[in-house]
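Student: Taken in sequence, the protein lines are chains V and A. Taking the working numbering, the leading residue of the first sequence gets 1, the next gets one more, and so forth. Taking the working numbering, the leading residue of the second sequence gets 1001, the next gets one more, and so forth.
None of these hints come from the bench; they were simulated from the model. Quantities reported herein were computed from a predicted structural model and do not represent experimental measurements. You can trust all of the hints, since none of them are fake.
Covered by chain V, per the in silico footprint, the following chain A stretches (three or more residues, Cβ under 8 Å): (1) 1003 to 1014; (2) 1039 to 1049; (3) 1075 to 1082.
Beta-carbon label-pair distances, calculated as ranges: (4) A:1003 / V:146: 36 to 44 Å; (5) A:1049 / V:166: 27 to 35 Å; (6) A:1054 / V:40: 24 to 32 Å; (7) V:278 / A:1047: 53 to 61 Å; (8) A:1002 / V:77: 54 to 62 Å; (9) V:239 / A:1036: 22 to 30 Å; (10) V:145 / A:1054: 37 to 45 Å; (11) A:1028 / V:145: 29 to 37 Å; (12) V:278 / A:1064: 52 to 60 Å.
The C-beta atom is built at its ideal place from N, Cα and C for all residues, glycine as well.
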Amino acid sequence: MANLKALKGRIGSVKSTQKITKAMKMVAAAKLRRAQDAAEAGRPYAEQLAGVMSRLASGVTVGPESPRLLAGTGKDDVQLIVVATSERGLAGAFNSNIVRAAVRRARELQAQGKTLKFYLIGKKGRAVINRVFPGQTIHQVDQTHIKTVSFDDALEVAKDIMHRFEAGEFDVAHLFYAKFQSALVQIPTEKQLIPVEVPAAKSGTHSETSEDGKHTRTVSNDDHKGPVAAVEYEPDEATILEALLPRNIAVLLFRAFQENAASEQGSRMTAMDNATRNAGEMINKLTIQYNRSRQAAITTELIEIIAGAEAL
Amino acid sequence: MADMHFELVTPEKLVRSEDAFMVVVPGTEGDFSVLAGHAPLMSVVRDGEIAIYSSPTTVTARIKVQGGFAEVNDKGLTILAEHVEETR
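Bound conformation, chain V alone (with noise of 0.2 Å):
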């Protein structure tokens, strides 16, 4: 039986630790709202913006002349895998999910016989990704100080990559992070950032191919939707869409980090109640296990005192 003294000492260290876990959910709880917020009111840009980039790139043919950004190097022979991770841990499997997904692309490229280049974002996916690839890390962006994350914050790392990309570091660039779903379901995500994806557009003309993939025909869904203005460009399509590119570079990373917050929070959030929760179990257990031995106590010693009684 244990000692009474140190299940005293168990439950109450187990106590304040529901305590701590209690405090962190609901801090949690708190800066999961602002996340969301936040990445709410990024929303319309993001939007409008693939909604222009895809306008604008089903009016220009990708060819050896148009941007590197959009075209690519011609190559895929060295990959970067930017992983933006969180600054901090107790949150769950949130990290390791992201690096687990990482990793896992990792090694089918590099089956495939394609040089890898890690840039990592947050401290928590160093340890392991400079474990099971050393010396493959090109950089290491440290976000402890930033407390929520802003665009220029993107922009900067944005630059950063892009800059690397001209001077011929990679061809293809991957970006892992976590999409808040809800705070229960965070769903690690990859996304290639360079030669940057066009989202097709939603009308225009599509191919279509039938069953037996002889016949190809192509199929306009302009016919529901009236004649489509002719839109004017100033300057011409191909600048803008120059232009654009490296923001949407930036906007891609932004809303990243915007999902990695929501999901970080959110999946603390709920590590920390399932952890309140344990602490709650184990106090009662401990609690039981208290009681019955301090019972037991009292009951052997009237066992000692009335056998001691009945002797004399």
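Add chain A to chain V, keeping to what the hints say.
Tutor: Then chain A, alone, in the frame of chain V:
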């Protein structure tokens, strides 16, 4: 003349969504003003000031924009900017 819809958005938030009589935008090829019924247009905006008019003579706001892009379609004018700073 009817007002047209005007939106100014940054990556961080929707700065303005309102009806305006006219908006003067500093395009890279020169300033242009957008009124209701403007032809569809896409233009890069140079760093400068946009002016929002509620009537032909009254300026309701001047906003400094950086890294901007303007699109005019049948829904109105949308300006995407990296940075905005409201002056006055």
